[in-house]
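Protein chains: 2
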Amino acid sequence: MNAHVRLSGVRPLDKAAGRVELIHGAGGKAMAQLIEEIFARHFQMIGTGDDGAVLPSLGLNERLVMATDAHVVSPIFFPGGDIGMLSVFGTVNDVAVMGARPLWLAAAFILEEGFPLADLDRIAASMAKAAREANVAIVTGDTKVVEKGKGDGIFIITTGAGALPEGIAPTGAGAKPNDAVLVSGTMGDHGMAIMSARADMNGLEAGMGFVSSVVSDAAPLHDLIARLFAAGIEIHALRDPTRGGLGATVNEITFQSGVGMLLEEAAIPVLPEVAAACEFLGIDPFYLANEGKLVVVCPEAAADAALAVMRAHPLGKNAARIGTIGIVSDTRPLVELRTRLGGRLILDWLSGDPLPRIC
Amino acid sequence: MNAHVRLSGVRPLDKAAGRVELIHGAGGKAMAQLIEEIFARHFQMIGTGDDGAVLPSLGLNERLVMATDAHVVSPIFFPGGDIGMLSVFGTVNDVAVMGARPLWLAAAFILEEGFPLADLDRIAASMAKAAREANVAIVTGDTKVVEKGKGDGIFIITTGAGALPEGIAPTGAGAKPNDAVLVSGTMGDHGMAIMSARADMNGLEAGMGFVSSVVSDAAPLHDLIARLFAAGIEIHALRDPTRGGLGATVNEITFQSGVGMLLEEAAIPVLPEVAAACEFLGIDPFYLANEGKLVVVCPEAAADAALAVMRAHPLGKNAARIGTIGIVSDTRPLVELRTRLGGRLILDWLSGDPLPRIC
Numbered sequence: 192m193n194a195h196v197r198l199s200g201v202r203p204l205d206k207a208a209g210r211v212e213l214i215h216g217a218g219g220k221a222m223a224q225l226i227e228e229i230f231a232r233h234f235q236m237i238g239t240g241d242d243g244a245v246l247p248s249l250g251l252n253e254r255l256v257m258a259t260d261a262h263v264v265s266p267i268f269f270p271g272g273d274i275g276m277l278s279v280f281g282t283v284n285d286v287a288v289m290g291a292r293p294l295w296l297a298a299a300f301i302l303e304e305g306f307p308l309a310d311l312d313r314i315a316a317s318m319a320k321a322a323r324e325a326n327v328a329i330v331t332g333d334t335k336v337v338e339k340g341k342g343d344g345i346f347i348i349t350t351g352a353g354a355l356p357e358g359i360a361p362t363g364a365g366a367k368p369n370d371a372v373l374v375s376g377t378m379g380d381h382g383m384a385i386m387s388a389r390a391d392m393n394g395l396e397a398g399m400g401f402v403s404s405v406v407s408d409a410a411p412l413h414d415l416i417a418r419l420f421a422a423g424i425e426i427h428a429l430r431d432p433t434r435g436g437l438g439a440t441v442n443e444i445t446f447q448s449g450v451g452m453l454l455e456e457a458a459i460p461v462l463p464e465v466a467a468a469c470e471f472l473g474i475d476p477f478y479l480a481n482e483g484k485l486v487v488v489c490p491e492a493a494a495d496a497a498l499a500v501m502r503a504h505p506l507g508k509n510a511a512r513i514g515t516i517g518i519v520s521d522t523r524p525l526v527e528l529r530t531r532l533g534g535r536l537i538l539d540w541l542s543g544d545p546l547p548r549i550c
Numbered sequence: 192m193n194a195h196v197r198l199s200g201v202r203p204l205d206k207a208a209g210r211v212e213l214i215h216g217a218g219g220k221a222m223a224q225l226i227e228e229i230f231a232r233h234f235q236m237i238g239t240g241d242d243g244a245v246l247p248s249l250g251l252n253e254r255l256v257m258a259t260d261a262h263v264v265s266p267i268f269f270p271g272g273d274i275g276m277l278s279v280f281g282t283v284n285d286v287a288v289m290g291a292r293p294l295w296l297a298a299a300f301i302l303e304e305g306f307p308l309a310d311l312d313r314i315a316a317s318m319a320k321a322a323r324e325a326n327v328a329i330v331t332g333d334t335k336v337v338e339k340g341k342g343d344g345i346f347i348i349t350t351g352a353g354a355l356p357e358g359i360a361p362t363g364a365g366a367k368p369n370d371a372v373l374v375s376g377t378m379g380d381h382g383m384a385i386m387s388a389r390a391d392m393n394g395l396e397a398g399m400g401f402v403s404s405v406v407s408d409a410a411p412l413h414d415l416i417a418r419l420f421a422a423g424i425e426i427h428a429l430r431d432p433t434r435g436g437l438g439a440t441v442n443e444i445t446f447q448s449g450v451g452m453l454l455e456e457a458a459i460p461v462l463p464e465v466a467a468a469c470e471f472l473g474i475d476p477f478y479l480a481n482e483g484k485l486v487v488v489c490p491e492a493a494a495d496a497a498l499a500v501m502r503a504h505p506l507g508k509n510a511a512r513i514g515t516i517g518i519v520s521d522t523r524p525l526v527e528l529r530t531r532l533g534g535r536l537i538l539d540w541l542s543g544d545p546l547p548r549i550c
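Those protein sequence lines, which keep their order, are chains W and X. One rule links them: number in the numbering used here = place in the first sequence (from 1) + 191. One rule links them: number in the numbering used here = place in the second sequence (from 1) + 191.
Accuracy of the hints is not assured; some may be wrong.
For identical chains, the list gives no copy identity; a pair is met inside one copy or between any two copies.
Claimed, not checked - Each computed DSBU-like pair below joins lysine-lysine, with the alpha-carbon atoms no more than 35 Å apart: (1) Lys206 x Lys320; (2) Lys367 x Lys339; (3) Lys320 x Lys367; (4) Lys206 x Lys339.
Derived by calculation from the structure, the hints in this document are not laboratory data.
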């Protein structure tokens with residue numbers, strides 16, 4: 192985020208009624224003003240004015256972890272959050288599920304000409320609050336503006352860097368037969384909150400009224416994860432089930448690890464109002480995105496301890512064991528779901544897309 | 192870039208006639224296939240399948256530098272380059288002008304529904320080639336798809352990480368009175384190449400025909416910069432004059448450093464065909480973007496050595512001394528330009544925006 196300077200003799204931005212203009216992305220005074228009055232005011236940027244940020248050294252035995260995520264969620268404000276908060280927590284969580292301590296974020300903005308400055312300011316404030324909560328600093332950034340009709344209000348792309356201690360390396364490829372499969376809480380809250388917000392936008396309040404109490408679970412998972420490691424729990428696979436929901440995540444883990452998985456439908460926590468809305472809409476909560484939940488695969492012997500650690504944390508109070516690795520009829524990397532009625536079905540990756548732009 | 196798996200029993204992507212669909216951003220099998228058959232095939236990703244990349248440690252006395260850049264250039268293919276090459280070199284250069292050795296890139300893609308897979312593959316190949324040229328690895332990424340009409344084909348957001356040796360810290364704030372101001376080559380090539388490409392698109396070949404030979408100067412500057420440091424040249428400010436051109440960069444440096452600057456118009460290198468086109472169009476080449484050029488501020492005594500180092504490098508053969516720091520009528524941080532006719536004018540930041548989406 193270059194061009195941050197103290198400007199003198201320039202009229203302040205009209206943050207009440209002003210709008211983003213192409214000039215705000217042109218690398219001149221107007222861009223410098225936007226950066227100063229909105230981004231630099233909210234974020235703890237390092238080396239503003241330069242093209243990047245110089246960061247402190249990692250610990251001697253720590254390795255760097257990098258993760259990036261583009262956020263295009265629609266609508267940008269939804270029950271329980273907004274695109275700003277999501278852009279911080281989403282990337283913090285990607286770094287944290289690698290086993291690393293999230294430290295720094297870079298944030299790039301692609302703004303559509305005409306986007307209200309009031310919304311931009313509100314979103315920047317939300318990002319700053321989320322960064323404080325996740326204990327990371329937004330250290331550098333970039334702003335681009337595209338013509339009206341060539342974007343959709345605001346896209347935020349964050350890249351996180353974190354420190355991975357020696358000896359920790361959970362990936363999706365470490366699941367072993369007989370391992371336990373756990374989740375940290377209810378599935379589908381974020382996806383249903385977005386659907387509910389879209390229904391409201393489309394004037395469908397009547398039909399979707401019963402889900403209006405569902406809020407996004409967007410939250411930073413670094414502390415919950417740190418507690419699992421601090422308790423000495425051996426973790427074979429760790430993932431946050433975002434896009435594609437639990438269904439995508441468990442299939443990724445089985446594909447990467449070359450194992451099967453058997454899940455118990457009745458054991459998978461789902462909020463009653465999410466379950467009811469899913470039934471009404473004919474969709475499956477296991478394909479709805481989560482933004483503050485974990486899937487943990489660990490040795491059978493560690494499962495109870497892992498559940499206890501999660502349940503003692505505000506973000507894991509509904510943690511549950513939902514299945515087991517490798518207990519399938521053959522060795523193909525498939526996920527089987529034992530239904531409430533005792534039948535078995537394949538929980539495949541979703542092949543349709545009921546909900547684009549969920550994050 | 193999660194969800195990278197070896198897929199079996201899936202028909203290969205139609206890279207000749209296929210198009211990006213919403214399902215390619217949904218976190219399921221189609222997204223995994225897109226990542227496998229396009230991105231993972233071209234890039235040296237680390238830990239594909241996981242949510243981020245674990246990177247090797249930096250050297251003992253090295254600090255981490257991070258820089259991020261969203262690329263929205265239009266058109267995406269232009270004389271001398273494309274959005275993919277630009278997305279690599281742009282961020283490599285942001286890291287390099289901080290004095291750091293660029294090492295790794297994260298790449299996020301925001302694709303518009305309907306974007307041709309053939310173009311995506313061509314762009315990914317161009318990014319891979321650029322990364323090899325810049326000696327960096329594209330280690331992790333993310334893909335999002337937005338509905339037709341909510342984006343513009345492809346936006347690429349890259350974030351770079353690099354290693355900064357102890358003792359090196361050029362910023363825009365280090366310029367001192369009597370320092371020399373140098374550039375590594377001709378100004379405005381990239382901006383004019385984009386203008387020329389847009390004129391072609393708009394069927395204005397006749398009027399703009401004389402600039403059709405101008406190609407973008409997009410290039411990775413890390414090696415040229417490394418040679419300046421290796422030669423022991425004391426550098427007070429280092430910047431690549433991209434958006435807003437030389438005009439924006441010299442004003443940033445004077446603002447950040449709290450000094451004035453006097454430039455000699457006749458000393459600033461501009462290609463004859465760029466100068467002619469600028470005159471025809473009534474624009475100033477000093478506000479046109481560059482993507483492979485440096486502005487260097489160094490002590491007067493080091494200027495000749497710095498010029499010699501630059502001129503010995505393929506990317507610096509037209510390097511020139513263009514002015515001096517601090518020789519202004521007062522102490523305000525202004526840039527004055529002595530014109531060819533001997534007059535003086537203020538080279539302010541551009542206040543209009545002749546050319547949005549230049550990078």
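Hint by hint, work out which the structure violates, then give me just those numbers in ascending order.
2 and 3
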